[in-house]
Amino acid sequence: MLKKLFIFTIVMFGFGYALVPFYDKFCEVTGINNLLQPDVLTKETQVDTSRWITVELDANTRGLPWQFRPLQSSVRIHPGEPVDVMYEIRNDSDREINGQAIPSYSPRSLEKYLRKFECFCFTKQVLKPNEVRQMPVQFIIEPGIPADINTVTISYTFFELPSGAKAIKDN
Amino acid sequence: MAAVQDHGHSHGHDDHHPTGIMRWITTTNHKDIGTMYLWFSFAMFLVGGTLAMGIRAELYQPGIQILEPELFNQFTTLHGLIMVFGAIMPAFVGFANWQVPMMIGAPDMAFARMNNWSFWLLPVAATLLVVSFFVPGGAAAGGWTFYPPLSTQGGLGVDMMIFAVHILGASSIMGSINIITTILNMRAPGMTMMKMPLFVWTWLITAYLLVLVMPVLAGVVTMLLTDRHFGTSFFNAAGGGDPVLFQHIFWFFGHPEVYIMILPSFGIISEVIPAFSRKPLFGYSSMVYATASIAILSCFVWAHHMFTAGMPVTGQLFFMYATMLIAVPTGVKVFNWTATMWRGSMTFETPMLFSIGFIFLFVIGGFSGVICAIVPIDIQVQDTYYVIAHFHYVLVSGSLFAIFAGIYYWLPKWTGRMYNETLGKWHFWLSMVFFNITFFVQHFLGLAGMPRRIPDYALQFADFNMISSLGAFGFGLTQLFFLYIVINCIRSGEKAPQKPWEGATTLEWTALPTPAPYHSFETPPVVK
Ligand code: HEM
Ligand SMILES: [Cu+2]
Chain A
1 MLKKLFIFTI
11 VMFGFGYALV
21 PFYDKFCEVT
31 GINNLLQPDV
41 LTKETQVDTS
51 RWITVELDAN
61 TRGLPWQFRP
71 LQSSVRIHPG
81 EPVDVMYEIR
91 NDSDREINGQ
101 AIPSYSPRSL
111 EKYLRKFECF
121 CFTKQVLKPN
131 EVRQMPVQFI
141 IEPGIPADIN
151 TVTISYTFFE
161 LPSGAKAIKD
171 N
Chain B
172 MAAVQDHGHS
182 HGHDDHHPTG
192 IMRWITTTNH
202 KDIGTMYLWF
212 SFAMFLVGGT
222 LAMGIRAELY
232 QPGIQILEPE
242 LFNQFTTLHG
252 LIMVFGAIMP
262 AFVGFANWQV
272 PMMIGAPDMA
282 FARMNNWSFW
292 LLPVAATLLV
302 VSFFVPGGAA
312 AGGWTFYPPL
322 STQGGLGVDM
332 MIFAVHILGA
342 SSIMGSINII
352 TTILNMRAPG
362 MTMMKMPLFV
372 WTWLITAYLL
382 VLVMPVLAGV
392 VTMLLTDRHF
402 GTSFFNAAGG
412 GDPVLFQHIF
422 WFFGHPEVYI
432 MILPSFGIIS
442 EVIPAFSRKP
452 LFGYSSMVYA
462 TASIAILSCF
472 VWAHHMFTAG
482 MPVTGQLFFM
492 YATMLIAVPT
502 GVKVFNWTAT
512 MWRGSMTFET
522 PMLFSIGFIF
532 LFVIGGFSGV
542 ICAIVPIDIQ
552 VQDTYYVIAH
562 FHYVLVSGSL
572 FAIFAGIYYW
582 LPKWTGRMYN
592 ETLGKWHFWL
602 SMVFFNITFF
612 VQHFLGLAGM
622 PRRIPDYALQ
632 FADFNMISSL
642 GAFGFGLTQL
652 FFLYIVINCI
662 RSGEKAPQKP
672 WEGATTLEWT
682 ALPTPAPYHS
692 FETPPVVK
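Here the protein sequences come in this chain order: A and B. FYI, the working numbering numbers position 161 of the first sequence as 161, with every residue one higher than the one before it. FYI, the working numbering numbers position 397 of the second sequence as 568, with every residue one higher than the one before it.
One or more of the hints may lead you astray.
Ranges of calculated distance between the beta carbons of each label pair, as one might list FRET restraints [as the list claims (entries may be wrong)]: (1) LEU648(B) with VAL29(A): 53 to 61 angstroms; (2) ASP58(A) with PRO240(B): 23 to 31 angstroms; (3) PRO360(B) with VAL29(A): 39 to 47 angstroms; (4) GLY361(B) with ILE10(A): 31 to 39 angstroms.
If you're looking for bench data, these hints aren't it; they were derived computationally from the structure. Note that the Cβ used here is the ideal one computed from N, Cα and C, for glycine as well.
Isolated chain A (complex conformation):
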């Protein structure tokens, strides 16, 4: 009895850890949390030229000595139209640093309509001392986006990755 219950305890401890990959898989399969995966362009989306949407671009760093900014603070686009924007990072320190950008969208429902094909957030970025890099983001906003949304914000925050850490997902 003691042994059985003890083993059960250990199993449940392991179960707690097993929830981590399970959660990742669950989010991946259901598409709940795929901020860091490129989307694939399935079919030609119709461009809705009758609508304009303003996309505000925002850039932040947290805890690492980098300059990070978009080259244009906002763009005006049509839903369905492919868009290219540029961001720039510069390492102000004299050491090599790994950084990872994490996106965040506003309004929250934007996530459903945003398709990103190319983004610097899909991989970690490694900057040598004083290195500067310009990086594109390529996306469309699907025409299905509710009509009352005229302005959206795409925001990135760069975090330092512990040295030696792999990229965020192994891609």
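Following the hints, complete the assembly by docking chain B with the ligands onto the known chain A.
The following block gives chain B with the ligands in isolation, referenced to the frame of chain A:
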């Protein structure tokens, strides 16, 4: 009635337990250990209560008067942790230690030495928690649910809290393994499962819940620890982790945990109500099944704590309906208690008063729980005082009132003396009144939008907060009065007869003298 066990001096080991402090440190006797659990949890209740007084004193008026925001956060965090893990849970384990062997006719707990260890871990953990106030950076301040990122930041105090949670978890797991084995293997002949007193049943199911979810809590705090110190990124977005994942794992433990704190009180109430209604419990087997289904369901509702954390509508709907489903077996229980009282020849001694108070107020808490479970409402009230009101109705007027009921009920058996009935009634009525003054108004505060865990508030909340604080001070003082009642009973209470409660039917009353002898049921009683 004659005692079943041998009362003489023929048992060698009867006389050979050490005396003084060593008796308590080395004891493996379930009654000694039960007593220590109960006193420990009372001490923690006072510590946690002192923190609560600090919180309410700060909230007495708008503005910051006595606690700096950082310290206020430490107070709310440690208040929650200490009350949950230090006061309520150990109190129930104390009851289990005293009562389970006596109620099933066993001589002691199955693993007596382990029983001693699981108790002595507690003071270590408690010391860690209390001392953490005095280390640089102070105690953990991210709430008793210690969500990251706050808990992956924070100083030494957070590490001490993590370590304390580990220790408390280990203690509960050992305690539960002990309780399960005792109940399954050590019942007296004839004590079939479906003859066990309901208190024993509820503890059996609680103990299973504990071994199910406590290791998960241990796992999640270990992840926090490695995130903090060993470069992992379970909950760190920058490293590929996800802070929301923490909430899922925490509440996978956390919701069953709230039932761990209420099921044993269902057990106590199910002993007290029949005794003072002088009728057998109505619907015994449905009580057992209801308890089991509550326990099983409680493992599938955790995300009702996370409706605003970002979840697809399908998820919200699933957890909403699953949560509401729990109200069904809970309703069965309330129905059965009421039906037990129906046409019983009731008397209203203190244990009964606390039990009836329990039913009234727990039902209010259950209702506000169902209201919180409704997604569109919860999105409004999440993290407001409405939630605070909800869970104090189920925890204070639920678990704590049941603990009081149980203490008054069994105190004669434990100490051999009666408590003072008049004082007991005073304790009940004062608790009842002050409790409601404190927490009822918090429903209004929450609905009006006052957020929890914030030391200051907008002026329109001032009146209700003042009322609530006054109630809280009254409630706090009343509990000191309870301490007096217990000490008074132990030192100068009238001698209690073997069975002071006419309607009591369980073994500890019918087959053992009062006070219960140090060793009971060395020859098992035969249950017909
Ligand atoms: C009919 C039964 C119950 C239902 C439907 C229910 C439902 C809920 C819901 C939906 C919440 C989340 C509210 C929010 O954060 O917005 C909640 C919070 C809570 N409930 Fe219950 N509940 C029930 C019974 C209980 C019981 C019996 C206990 C404990 C003895 C309990 C303890 C708690 C605690 C401690 C919290 C707050 C946790 C926190 O955020 O700090 N509940 N309940
Ligand atoms: Cu819950």
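Each hint, compared with the structure:
1. At roughly 56 angstroms, the beta carbons of LEU648(B) and VAL29(A) sit within the given window of 53 to 61 angstroms.
2. Separated by about 29 angstroms at the C-beta atoms, ASP58(A) and PRO240(B) satisfy the suggested range of 23 to 31 angstroms.
3. Take PRO360(B) and VAL29(A): their Cβ atoms lie about 54 angstroms apart, and the range 39 to 47 angstroms is violated.
4. Take GLY361(B) and ILE10(A): their Cβ atoms lie about 36 angstroms apart, and the range 31 to 39 angstroms holds.
In this structure, only the earlier hint numbered 3 is contradicted, and the remaining ones agree with it.
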